[in-house]
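I would like the entire structure built from these sequences, with the hints used as guidance.
In this note's numbering, the protein residues as written are 443 to 521.
Incorrect hints may have been included.
[Stated by the list, open to error] Here are the in silico distance ranges between beta carbons for each label pair:
1) N469 x I519: 37 to 45 angstroms
2) L474 x M517: 21 to 29 angstroms
3) S518 x A480: 32 to 40 angstroms
4) S490 x K456: 41 to 49 angstroms
5) G455 x G486: 40 to 48 angstroms
[Stated by the list, open to error] In silico lysine to any residue, SDA-like type, Cα no more than 20 angstroms apart, as pairs:
6) K463 x F509
7) K463 x G504
8) K456 x V511
9) K463 x I519
10) K456 x S518
11) K463 x R496
12) K463 x L475
13) K463 x G479
14) K463 x G498
15) K463 x A500
16) K456 x A514
17) K463 x L497
18) K456 x G503
19) K456 x S515
20) K456 x A516
21) K463 x G503
22) K456 x A500
23) K463 x P502
24) K456 x I519
25) K463 x T512
26) K456 x T512
Hints in this document: simulated from the structure, not taken from any laboratory. Don't be surprised by glycine CBs; every beta carbon is placed ideally from N, CA and C.
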Amino acid sequence: MRHLEAVGSKQPGKITDAVLKGESLCNDMTELLLFSGALTVLGGGGLSLPVDLRLGFAAPGGLLLGFSVTIASAMSIAW
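Next up, the structure:
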């Protein structure tokens, strides 16, 4: 119990909370795109150009989206 009290005793700031939410969205988007590409590969029996493009853009696209949401959240909180 003492460990939980120590962890929960200090609430994160608004900007920290926005960064964590943006990072979570980034992870979720990247995982969904990669999972979708993996299912396409398994269902179709191999890679194709559309699947390659989807997998190639999954990580950078997820990072860009998460970063954009984080910046927008931080700016709206700061304003």
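Please list, smallest to largest, the hint numbers that this structure does not respect. 1, 11, 13, 14, 17, 18 and 22
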